[in-house]
Amino acid sequence: MATSVTSRDVAEAAGVSQSTVSYVLSGKRFVAPDTEARILAAMDELGYRPHVSARALRSRRSGIIGTVVPYHALTDTANQYRYVVSIAAACRKYDYELLMASSEEGIEGMRRLIDSAQCDGLVIMDVLDSDPRVLQAHEARIPSIFIGTSHDSDVTAVDTSFEEIAERCIDLIADRGHTETLILTSASEHVCAMGFSHRFDHTLTAQAARRGCDLIPAQVQRGLAPMREAISTALQSHPHLSAVITGPTLCADDAANALLALGLTPGEDVSLVAAAHPADSPHTEIDYTYFDADVPTVVSTAIEILINTLEGGPRNLNQGLQTISPLFHAGASLRPIS
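Numbering of the sequence shown is given in my numbering, commencing with residue 1 and proceeding in unit increments.
Treat the hints with care, as some may be off.
Stated by the list, open to error - In silico EDC-like cross-links for lysine to aspartate or glutamate, where the CA-CA straight-line distance does not exceed 20 Å:
#, residue 1, residue 2
1, K93, D129
2, K93, E304
3, K93, E311
4, K93, E268
It is worth saying that the hints were derived from the structure and are not from the lab.
Quick caveat, the model's predicted, so the values are computed rather than measured.
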């Protein structure tokens, strides 16, 4: 009678330990993709059929989606909260719980979630323009979805179309006859490194060139006083400046209040457009024109893609970036067309 093939035989054929074969069967620990491929090939070649309990263990799900929420001194907690709440709500829609790991170094928190074998899938937030977590996601044994994307990576990602926001900001200004615009962006090194910041900046510059609009760039720290100082400095060197765009993550309320303090009323003396609406409650009397990132739609789309993968869809790690159009509020902070 022929001897049954065992996991020890598979281990010898694949050149790995028997425990590594067990990890592949159970999914309890991360195994490098090339090693897993060798083990699966050895199983096919030897005709090895794992015990039904091992197959069941591997297919068992925790019902948990993990996400790493990077935290540092300059974190925009109000905006980050919008995403976290939306992720939790989207997970509950599919009867999944959300497990959050907070870490200053996102890759370490991500690695802990993967190695713990507690999560069925991962949601990656605060994506840098060049993000080391991309490689970690490709090596992981569980699927992941990025909210945001790196410029040089092939991942499955969903994000607001900051390209559309940038183009429409310039169009709103140029259509009203403005030929130069103050563009205020965050001075935070963390924000400057984000993928969406790069996408917004590149598109804004290109669209301004197409529309013949000169950009006057200024980086601003968080707060009303720095905002007022930045606008005041720009007006000193460009006294005829009549348009202001606040970039993503900046508080447009501060810009509106700073302009008022300098004797300029948005919608009358100057045009003001916000590339992103602040997450906290308004604290200005100006009904300014703004774009909203539509966080609920971005997140629900991302979670739907991830759940479809978990429920048997193709595990394609490089479906590319799917963008969601922003919401638009016309407001009353644009000057009449001249």
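Now the hints, each set against the structure:
{"no.": "1", "hint": "K93 with D129", "result": "violated, 31 Å"}
{"no.": "2", "hint": "K93 with E304", "result": "holds, 10 Å"}
{"no.": "3", "hint": "K93 with E311", "result": "holds, 14 Å"}
{"no.": "4", "hint": "K93 with E268", "result": "violated, 46 Å"}
Hints 1, 4, counting from the list given before, are not met by this structure.
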